[in-house]
Amino acid sequence: GGQQFVRGRKERMEFADSFETVFHFTNLYWKTSFSYILGSLTKLSPSHPWVAHQRRDLVNDGGELYVPIVSSEERPSGEVIKACMDL
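Going left to right, the sequence shown walks through residues 1 to 87 as the numbering used here numbers them.
Misleading hints may appear alongside valid ones.
Straight-line alpha carbon distances no greater than 27 Å define the calculated DSSO-like cross-link-like pairs of lysine-lysine that follow [what the hints assert, rightly or not]:
(1) K31 / K43
(2) K82 / K31
(3) K82 / K43
Simulated from the structure, these hints should not be mistaken for lab results.
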C-alpha cells in the first residue's frame with residue numbers, strides 16, 4: 001500500500017487519460033423515449049471532428065436522411081446539440 005500504491009494509481013490514470021477516441025457512433029434520442037431516433041453523434045477517426053447529425057424524414061416514406069448540424073474538435077454537450085436541432 002502506502003506511497004507506491006498512490007504513485008502506481010496516478011500513473012495508471014495518466015495512462016488511461018492518454019487514450020483518444022478512434023471511432024464513435026451514438027444514436028441520439030429523447031431523454032424519455034428510445035423509440036424515435038433524433039440523430040447521431042459520430043467521430044470517424046482521431047483526426048476527424050465530432051459531428052452531430054439530425055435525422056430528417058424524406059417525403060412519401062422515402063426513408064431518412066442525416067444532416068450535419070454541429071462539428072467540433074471537442075465532443076459537443078447535449079445542450080449544444082439540442083440548441084442546434086430544428087425541432
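Here is what the structure says about each hint:
1. K31 / K43: The hint holds at about 22 Å.
2. K82 / K31: Within the cut-off at roughly 11 Å; holds.
3. K82 / K43: The given pair, whose Cα atoms are some 18 Å apart, holds under the 27 Å limit.
Taken one by one, the earlier hints all hold for this structure without exception.
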